[in-house]
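Student: Protein chains in written order, with our numbering: chain A, 53 to 757; chain B, 53 to 757.
Treat the hints loosely; a few may be bogus.
Identical chains share a label here; the pair holds if one copy fits it or two copies do between them.
Claimed, not checked - Mimicking SDA-like on lysine to any residue, the simulated pairs with C-alpha atoms at most 20 Å apart in a straight line are:
1) Lys620 x Ile705
2) Lys232 x Val479
3) Lys463 x Gly158
4) Lys620 x Glu577
5) Lys81 x Leu110
6) Lys568 x Ala623
7) Lys232 x Ser93
8) Lys81 x Met444
9) Lys745 x Pro400
10) Lys81 x Ala412
11) Lys232 x Glu480
12) Lys81 x Pro399
13) Lys232 x Tyr520
14) Lys81 x Asp111
15) Lys232 x Arg473
16) Lys81 x Gly233
17) Lys81 x Tyr445
18) Lys232 x Glu477
19) Lys568 x Arg505
20) Lys745 x Glu710
21) Lys568 x Arg697
22) Lys463 x Arg150
23) Lys620 x Asn704
24) Lys620 x Arg301
25) Lys620 x Ser567
The set of hints was computed from the structure by calculation and includes no laboratory data. Everything numeric in this text was worked out from a predicted model, so none of it was measured.
Protein chains: 2
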Amino acid sequence: MTLQIDSSLSPFFAPTGIVLLGASPNPTKLGFGLARNLVMSGYPGAIHFVNPRGGTLLDRPVHQALTAVPDPVDLAILLLPAELAPETLAACGQRGIRAAIIASGGFRETNEAGARLEEACLRIARQYNMRLIGPNCIGLINTHLPLDTTFLPPPGPTPGDVAFVSHSGAICAAIIDWAKGQGFGLSQLVSLGNQADITETDMLAPVAADPHTRVIALYLEGIGNGRRFVQQAAQVSRQTPIIALKVGRYAAGRKAAASHTGALAGSESAFNAAFRRAGVIRADSSEEQFDWARALAWCPLPQGRRVAVLTNAGGPGVTAADALEAQGLQLAALSDTTITRLQAALPPFASLHNPVDMLASASPEQYAQSLHILLADPGVDSVLIVLPPPPMYATGGVARALIPIIYATHKPVVVALMGERLIQEAVEHFRAARVPEYRFPERAASALAVLARRAEFLARPVQMPVIYDDVRPDVVRVILDRQPQDDPAGLPSEAFGEMLAAYGIRVALLALAESKETAVQLANEMGYPVALKIASADILHKSDMGGVLLNVATPEAVTEGFITLVEKARAAQATAVIQGIHIQPMIPQGQEVIVGAVQDPQFGPVVMFGSGGVEVEGLRDVAFALAPLTPDDADYLLATTWAGRKLAGYRNIAPGDETAVRETLFRLAQLVSDFPELTEIEINPLRVLAGSKGVYAIDVRGVLG
Amino acid sequence: MTLQIDSSLSPFFAPTGIVLLGASPNPTKLGFGLARNLVMSGYPGAIHFVNPRGGTLLDRPVHQALTAVPDPVDLAILLLPAELAPETLAACGQRGIRAAIIASGGFRETNEAGARLEEACLRIARQYNMRLIGPNCIGLINTHLPLDTTFLPPPGPTPGDVAFVSHSGAICAAIIDWAKGQGFGLSQLVSLGNQADITETDMLAPVAADPHTRVIALYLEGIGNGRRFVQQAAQVSRQTPIIALKVGRYAAGRKAAASHTGALAGSESAFNAAFRRAGVIRADSSEEQFDWARALAWCPLPQGRRVAVLTNAGGPGVTAADALEAQGLQLAALSDTTITRLQAALPPFASLHNPVDMLASASPEQYAQSLHILLADPGVDSVLIVLPPPPMYATGGVARALIPIIYATHKPVVVALMGERLIQEAVEHFRAARVPEYRFPERAASALAVLARRAEFLARPVQMPVIYDDVRPDVVRVILDRQPQDDPAGLPSEAFGEMLAAYGIRVALLALAESKETAVQLANEMGYPVALKIASADILHKSDMGGVLLNVATPEAVTEGFITLVEKARAAQATAVIQGIHIQPMIPQGQEVIVGAVQDPQFGPVVMFGSGGVEVEGLRDVAFALAPLTPDDADYLLATTWAGRKLAGYRNIAPGDETAVRETLFRLAQLVSDFPELTEIEINPLRVLAGSKGVYAIDVRGVLG
């Protein structure tokens, strides 16, 4: 699959000529720093400076106006007071420039006046068909072109294979500097600032198209158009791994919600569901993000999760084994051949079983030979080498002996070098050879785990969402149109049940009785026993107020139940409008789960599955996926919840109809995808019958937006 | 409280003279390295070398035999082949030396012959009243005495305030080296090797007694005498914080168990319970361990969890806020005074609400002034400074401006310095000033959280376990003596119920009916409705096979139920011996929990509490504490489980009698503490009635060891 690159973005990645508006000869000004970086970066195209005062800068003329700038010029960088930005941008448009970076601040991030200036810039950009990065950003770095449009103090980043796209400029500055100490380089760096025009989503494909980029690292503070991000990222991530650090987890806070699903489906659940769908790997810290980036950029992918540990002491071996298991990896069981070969290579008391402990006397040759033997074992998918300072040999020699073996294999090998000064030479050898090295086994194990996840992701075929054609959106439309104009949320519970039924979900037959007499008549028709529930759109949690009676077995009991329930409802909520009583036949016993959906403001419809009942928020045994759902999504929802795993049966709990649960998930997802006005809808409980007897939606609630 | 120091250990910490047996003039031998370190460490006492070949070494005489070594000498270090260790140790004993370090390997860690040599050494040590470190260890370092008995290549660790006690020598070597790059020093280092005599527990008090030690870091691969460790560590940790990294989490594997409690109570649960009881902080990685050690060694403790964040950019502020919340800390709400003062100090668009973003232009003076203002706010308990490379100023200047403010406050301040080369000067300033600095906000937030935990721990008074004197151990003893000799686990379920009753736990009255007729008679006596349960010691999970009937309301139904249950039991388990049917009155509805206990091989009795029923292992909503229990333990068990939190009531679930649940926990803990032969005992469910109506043990099972 070739990625579609928006040609309007190409001046940012391969400009033929650049003009800096706001160049300054004063070395304390950012306008000087930016001019210096442009020139010193080694950018091979034309560089032009503009400043009304004219003069020269870095042995180049400073033009007094943009009109005086000669061709070629297809990228403008604006570093001048915000008030001047709109007119300068217009001048760029008139000059035929179709790409601009507004580095200056003073826009939306400050106040209302700034926001208006930003809108003006965007309007002008649209008018001239220009694309815009920023404002309030530090611009672009391309280490291979090369190009550096930032004003950061030199030196810039080392050329490398990780592209970094960031919502924060300060994080860019920190990462560029920090990367030097960590021994990895960058291919591209994009600081997006206020994202008036270009967002992280726009940047994915062009950054991935750079042949030097092997991994994309994103620093995200939020995503504007979530669905577009998912669609783009899903394409890009099949080709180039994307690792996102998304901050602002806690900033959103808790919002009020009518359903359990609404209460639990925070924006973080939606982000996680979106990242999973898009194949984006989510990191929890910058360290983790770039630990993983190095491994993904430099290592082949493993065939499985079986890891061999090679070390020269017991403690580091145990630590490594712990770390691997904590990451869901397995200690490989070594073959007899491997053990025999290791025995020949190592001293008598060496531990030949995984973790392989060569003892403190291990020489560089023994390291190399043992690694070679382990890599030859078909039961070993990857190797974790743990290297505390060996008492007898310098670590540099060990590294030199190991590197040729690592080059010659198609299996990933990562190294945990434990120490500081005594391991420095080894660190430098491994970095130069692009072998990922980490200070402790925990971080190395986490890198191996991400390689395994990536391999598994690529091995899974791309799936299409499951869509049924026997659904009746026309029926749902009619029901929605019943919604009273004066009460936008005011559809009764049974209306949501009818919508489910229209999408092929079996709803426990529910009849409304407005009087005792009708109730008895309906119960007589359904057959006893029946269940009685208070019917009131104002009462959301019916069982909480005792508004449900089960196993009502006689006409007399129905009459009595009707009276009791109405009295209870009046007592609990005097202002509630009570329509009467719902009557339902009693449904066979079975497991009960919750299936719900909400519309996320960023990512659209999200489906929740898990343990139902009234304890949903207490147990928090729920999982989320973006609607519509693929079979893989359904697998995930069932596998990651106890409610889902239990469907296979557990102790005296009979297995439930898992196929019917999956179908319900697909159908509910289709419904909320088709009708964005269904803000929340929830089946709680969904009764799951045994064998292949299907499911019943027992109680349904919903909210319209 | 003054710690009791075992005087037999003092030669290890303040030796007057040291003899090295196995000193070597060959620079490639460890016997040379050790001699070199002894001399170069600057140890102020006498140093003697012994080697049968005699000669001189490092300008000192090498004695041919121990008998020739002059006084003073009270510590021997043995670095010679394992076969020679016993006789050499005996010679030390005869010479009057009462402390020895056996550094050599070749003992228990190798094979059976080595294990016998180790036992021989221990016997000799006991005979001469000698204390022993090792064998198979790298010995001791005391940076302040100073003393270095290791053979590690120089330089040794920087003097500092963290004591490191380790089961692994290789980890010692790695940590000494790594600490240099992390900018912290060690006070003591103890490598324990095979622990033939001295263990980690012996070392806690003497290491804490060193006035240079402010934090103890432990690297543990297991603990021999768990109860003794807990008792010692609990005393030491009130004075000096202890941070343990315990590896081998996954090595133990899963063991078969008869009860839910037995299945869930792995050794990790016991370790966590023990660490909690002992006030030991458990770290998950070496990085975390020493991140925390620096903070605990260098910072005052906070009064609460309210943190102010001070930074110069938006992204780092959001990252810090996320990290704080993830650690259970709170963003402090700044007072109006604080905001007014910050406004006066900072530029117009600075963000004055927490996180405080001074903007990229922030000068060292603005950093210092803002920190001063934040520390003066009584609503701020600690401050997290986040410092990406400021575009305008060198970080060194910022550090110099901040340090005096940090010195002058009693609130903890930690710094996240983001970058590498551009922050190097600041790193060095902060390290020299003993201000903890971390590369990213996540690690800094985790350090602040550990300070808050430590403050909360010290604020909690030491509690005594709750012990009742109305219990009847004599009755339990009689029941235990009924145990048939030929079937050690063969006590019927009701025997365990009787034990609970003897310890004051209300057990649902349970009567055994061996015939239909007796069943009806008993039910008539109890009053209807009753519950029927199959009575068979061979059937552990009765409800799994349908062996329970509830709400049996008439004599006829009791007769029928008796027949059904016996048939079902026969069908399910043909070989089971069936005693008859248990009859129980129906107990009022209520919440149901599980309360169980097991004997852990390392830490003795451990109590489990959580969500009961059949889904215990599926839900994993359980917590563990060491028996006997303190009120704080009961708080913990209830607060960390949904089952416990739910006792306060939730939605339509009525509140349960929490006091009675706590009492049951205390009483069960007392029972298993009194009777170690009770290997497993479990109440599942414990029915919790509403209000103050108490609890009923509905079903009980147990295993005797």
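Student: State for each hint whether it applies.
Tutor: Hints, verified against the model:
1. Taking identical chains as interchangeable, the C-alpha atoms of Lys620 and Ile705 lie at most 20 Å apart only when they sit on different chains, with a minimum of 17 Å there against 34 Å within one chain.
2. For the homomeric pair Lys232 and Val479, the shortest alpha-carbon distances inside one copy (13 Å) and between copies (16 Å) are both at most 20 Å.
3. With identical chains, the CA atoms of Lys463 and Gly158 are never at most 20 Å apart, being 51 Å at best within one copy and 35 Å at best between copies.
4. Within a single copy, Lys620 and Glu577 get their C-alpha atoms no closer than 26 Å, and across copies no closer than 37 Å, so neither meets the 20 Å cut-off.
5. With identical chains, the CA atoms of Lys81 and Leu110 are at most 20 Å apart within one copy only, with a shortest distance of 14 Å there and 61 Å across copies.
6. For the identical chains of this complex, Lys568 and Ala623 are intra-copy neighbours only, at 19 Å inside a copy versus 47 Å across copies, given an alpha-carbon limit of 20 Å.
7. Taking the shortest Cα distances, Lys232 and Ser93 sit within 20 Å of each other inside one copy (17 Å), while across copies they are farther apart (35 Å).
8. Within a single copy, Lys81 and Met444 get their C-alpha atoms only as close as 54 Å, which misses the 20 Å cut-off; across copies the closest is 9 Å, which meets it.
9. In this assembly of identical chains, Lys745 and Pro400 lie within 20 Å of each other by CA distance neither inside one copy nor across copies; the values are 63 Å within and 67 Å between.
10. In the homo-oligomer, the alpha carbons of Lys81 and Ala412 lie at most 20 Å apart only across protomers (13 Å), although the nearest pairing inside one protomer, at 56 Å, exceeds that limit.
11. Taking identical chains as interchangeable, the C-alpha atoms of Lys232 and Glu480 lie at most 20 Å apart whether they share a chain (12 Å) or sit on different chains (18 Å).
12. When the C-alpha separation of Lys81 and Pro399 is checked against a cutoff of 20 Å, the pair qualifies only between copies, where the shortest distance is 18 Å, while the shortest distance within a copy is 65 Å.
13. In this assembly of identical chains, the alpha carbons of Lys232 and Tyr520 never lie at most 20 Å apart, being 53 Å within a copy and 64 Å across copies at closest.
14. In the homo-oligomer, the alpha carbons of Lys81 and Asp111 lie at most 20 Å apart inside one protomer (18 Å), although the nearest pairing across protomers, at 64 Å, exceeds that limit.
15. Taking the shortest alpha-carbon separations for Lys232 and Arg473, both the intra-copy value of 17 Å and the inter-copy value of 8 Å come in at or below 20 Å.
16. Neither within a single protomer nor between protomers do Lys81 and Gly233 lie at most 20 Å apart by alpha-carbon distance, with minima of 28 Å and 35 Å respectively.
17. For a Cα distance limit of 20 Å, the shortest separation of Lys81 from Tyr445 across copies, 13 Å, qualifies, whereas the shortest one inside one copy, 52 Å, does not.
18. Taking the shortest Cα distances, Lys232 and Glu477 sit within 20 Å of each other both inside one copy (16 Å) and across copies (16 Å).
19. Taking the shortest Cα distances, Lys568 and Arg505 never come within 20 Å of each other, neither inside one copy (60 Å) nor across copies (61 Å).
20. Only within a single protomer do Lys745 and Glu710 lie at most 20 Å apart by alpha-carbon distance; the minimum there is 10 Å, versus 41 Å between protomers.
21. When the C-alpha separation of Lys568 and Arg697 is checked against a cutoff of 20 Å, the pair qualifies neither within a copy, at 43 Å, nor between copies, at 40 Å.
22. Taking the shortest alpha-carbon separations for Lys463 and Arg150, neither the intra-copy value of 46 Å nor the inter-copy value of 54 Å comes in at or below 20 Å.
23. In the homo-oligomer, the alpha carbons of Lys620 and Asn704 lie at most 20 Å apart only across protomers (14 Å), although the nearest pairing inside one protomer, at 36 Å, exceeds that limit.
24. When the C-alpha separation of Lys620 and Arg301 is checked against a cutoff of 20 Å, the pair qualifies neither within a copy, at 41 Å, nor between copies, at 54 Å.
25. Taking CA atoms no more than 20 Å apart as the test, Lys620 paired with Ser567 passes inside one copy only; the shortest distance there is 16 Å, against 46 Å between copies.
Checked against the numbered hints above, the structure violates hints 3, 4, 9, 13, 16, 19, 21, 22, 24; every other hint is satisfied.
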